[in-house]
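Chains as they are written, first to last, in my numbering: chain A, 1 to 398; chain B, 399 to 511.
Worth flagging that the hints you see were computed from the coordinates, not collected in a lab.
A few of these clues could be false.
Unchecked claim - Here are a few chain B residues that sit away from chain A, every Cβ distance over 10 Å (derived from the structure): (1) Asp440; (2) Asn441; (3) Lys443; (4) Ile456; (5) Ser461; (6) Ile484; (7) Met500; (8) Glu503.
To be verified - According to the in silico footprint, chain B covers these stretches of chain A (three or more CB under 8 Å from chain B): (9) 38-45; (10) 51-61; (11) 138-144.
Claimed, not checked - Computed cross-link-like contacts, SDA-like style, restricted to lysine to any residue with a CA-CA straight-line distance of at most 25 Å: (12) Lys204(A) to Ile464(B); (13) Lys426(B) to Val295(A); (14) Lys204(A) to Lys426(B); (15) Lys419(B) to Gly328(A).
Ideal placement from N, C-alpha and C gives every residue a C-beta, glycine not left out.
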Amino acid sequence: MFSSLSKTTLAKAALFQNAPVYVQFYITARCNLTCQQCNIIYANSDVRECTIDEIKKIADNFAEMGVAIVLLTGGEPFARKDLPEIIHAFESRGVHVRMQTNGFASEEQIVKAIEAGGKDISISLDSLKPARQDSINGGFDKSWHKALKTMSLFTKYLPKNGSFASLGCVLQPNNVGDIEDVVKFGSRISWFTSLVPVHVSEYKHPRGFRTFDKNLSFVPSEYNDVDTCIERVRSMKKEGYLLYDSDQYLDDIKRFIRKEPIEWRKFNSNVCDSPNLYFALLPNGELSPCCDFRVNESFPAYEDNFPEVYKSKKLRNAVHEVTKSCDGCMYGSYPEMSIAMRFWAAKIQRIGNFVTKPPKKNWPISYEELIDISNEILNEKRERLPSRSDDLKLIDVS
Amino acid sequence: MPKKIKFESFIYRFLMEAEQKIASENNKLSESFINNIDFYYDNKKVYVFLKSNPDNKISYDLSEPIFYFRGDTAKAQSLQIEKDLINKADAIKHENALKFRMILEDAYKKLGE
Numbered sequence: 001m002f003s004s005l006s007k008t009t010l011a012k013a014a015l016f017q018n019a020p021v022y023v024q025f026y027i028t029a030r031c032n033l034t035c036q037q038c039n040i041i042y043a044n045s046d047v048r049e050c051t052i053d054e055i056k057k058i059a060d061n062f063a064e065m066g067v068a069i070v071l072l073t074g075g076e077p078f079a080r081k082d083l084p085e086i087i088h089a090f091e092s093r094g095v096h097v098r099m100q101t102n103g104f105a106s107e108e109q110i111v112k113a114i115e116a117g118g119k120d121i122s123i124s125l126d127s128l129k130p131a132r133q134d135s136i137n138g139g140f141d142k143s144w145h146k147a148l149k150t151m152s153l154f155t156k157y158l159p160k161n162g163s164f165a166s167l168g169c170v171l172q173p174n175n176v177g178d179i180e181d182v183v184k185f186g187s188r189i190s191w192f193t194s195l196v197p198v199h200v201s202e203y204k205h206p207r208g209f210r211t212f213d214k215n216l217s218f219v220p221s222e223y224n225d226v227d228t229c230i231e232r233v234r235s236m237k238k239e240g241y242l243l244y245d246s247d248q249y250l251d252d253i254k255r256f257i258r259k260e261p262i263e264w265r266k267f268n269s270n271v272c273d274s275p276n277l278y279f280a281l282l283p284n285g286e287l288s289p290c291c292d293f294r295v296n297e298s299f300p301a302y303e304d305n306f307p308e309v310y311k312s313k314k315l316r317n318a319v320h321e322v323t324k325s326c327d328g329c330m331y332g333s334y335p336e337m338s339i340a341m342r343f344w345a346a347k348i349q350r351i352g353n354f355v356t357k358p359p360k361k362n363w364p365i366s367y368e369e370l371i372d373i374s375n376e377i378l379n380e381k382r383e384r385l386p387s388r389s390d391d392l393k394l395i396d397v398s
Numbered sequence: 399m400p401k402k403i404k405f406e407s408f409i410y411r412f413l414m415e416a417e418q419k420i421a422s423e424n425n426k427l428s429e430s431f432i433n434n435i436d437f438y439y440d441n442k443k444v445y446v447f448l449k450s451n452p453d454n455k456i457s458y459d460l461s462e463p464i465f466y467f468r469g470d471t472a473k474a475q476s477l478q479i480e481k482d483l484i485n486k487a488d489a490i491k492h493e494n495a496l497k498f499r500m501i502l503e504d505a506y507k508k509l510g511e
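Could you put together the complete structure from these sequences and hints?
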């Protein structure tokens, strides 16, 4: 699935922890949902979007720098009408593209994205209960059904070999009891699941991705249920279920929801690996350390000298000014990238995931089959953990 | 109920400006102002007030900031060319930052602590 350029960078990063493996490119702030736990669509509203010509220059620079993976995210990446051109710009230069979507793309958009080279997709799914998902997505009717239809289309058009599909699942008080079901569902259809705990902030500390909704914070009486949830999915992973997250990352979720110090940064003086292993780009193409923070100076990645600027002390110092005082995050990819490059146990787990036992894909899977699988899992008789929103009535999905 | 996207964007940019102002030297703005502040939406306007004095409120038109300036279509690219935005420091971001600096100063002056 990865180009030789990407593989070389991954190897360098594993050895020296200093190669730009992963860039989150927020290609737009526009989105057609307003999910409870997401703030980034508001945080990045103030900048202009790059044009495709500027994005081609960014792709040139990334190829020169050896960036292995670019995540095209937003907002909703499919809200950009030129998404296929953007995908092609990176893939044709050997930079692997991962797309993140809320599942509202049309069949035509999906086909064009895959034809352009996009073979790595992540779709948001937080519950198998349609009403709950619709509520988490901001009160949009049928958004759960739309996500499943989109998943079905990806299983139809993605090649079985050389593709990767995953579910992005935000763990929050309203869906603790649904997490095992989501992991089971993903595994049944050969999609990995990746968990991210909800991030909440206050008015006095606005952070790009973090919601201001205090009601989404876990309270002490819920900590044990989260622990149980984490241990159950960890056991499921050992049994062969497709959970992407490492043991170190899962342990840190427990600490994070309690507001205790997290440990994935411990091999780097409790500072993350931005910009050495990863960084983010705003919709206007400027570098930022991550999705939560910006730097004061402007470092546009479309400028011809960006590969030199990326190595400069000026940029490194600007990013370090931000990262040195950050309490840390659990945004999936950043921690997992540091963990994979710095923890040997995690490296071995990753290799195990993709080299020794890649998932067998019984694709395509129709929308109706996905509904049936979801119902089967929901109807399994087993003890489920409580979620705060258990009073929500289930919509008949048949 | 879906959130009001421009309203939420206004809140975030306002608070970012306030955080930077509080962190800067020689500023009069204090953390208690931010701890006391709140917002509500009505008819394409955002209302800013202090929780300690909700009757004293000021409003700003949500069309004032330039939010979600597109770059993905031929029309959007033409507009960016026309406004001389491409391959340059982001003038939209800069204009918004100035706008929110003024809004913050105005709100602080009119609402006090």
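We went through each hint and held it up to the structure:
1. Asp440: Its Cβ never comes within 10 Å of chain A, the nearest being 18 Å, so this holds.
2. Asn441: holds (19 Å)
3. Lys443: holds (17 Å)
4. Ile456: Non-interface label on Ile456(B) holds, nearest chain A Cβ at 17 Å vs cutoff 10 Å.
5. Ser461: The claim holds: Ser461(B) sits with its nearest Cβ about 13 Å from chain A, beyond 10 Å.
6. Ile484: violated (6 Å)
7. Met500: holds (14 Å)
8. Glu503: Holds, since 18 Å exceeds 10 Å.
9. 38-45: holds (count 5)
10. 51-61: Holds, because 4 residues of the region 51-61 of chain A bring their Cβ atoms closer than 8 Å to Cβ atoms of chain B.
11. 138-144: Our answer is that it holds, as 3 residues pass the Cβ test (under 8 Å) against chain B, meeting three.
12. Lys204(A) to Ile464(B): Distance ~23 Å between Lys204(A) and Ile464(B) Cα, so the pair holds.
13. Lys426(B) to Val295(A): Roughly 23 Å between the alpha carbons, so the hint for Lys426(B) and Val295(A) holds.
14. Lys204(A) to Lys426(B): Between Lys204(A) and Lys426(B) the Cα gap is close to 15 Å, so the pair holds against 25 Å.
15. Lys419(B) to Gly328(A): Holds. Lys419(B) to Gly328(A) sits at ~23 Å (cutoff 25 Å).
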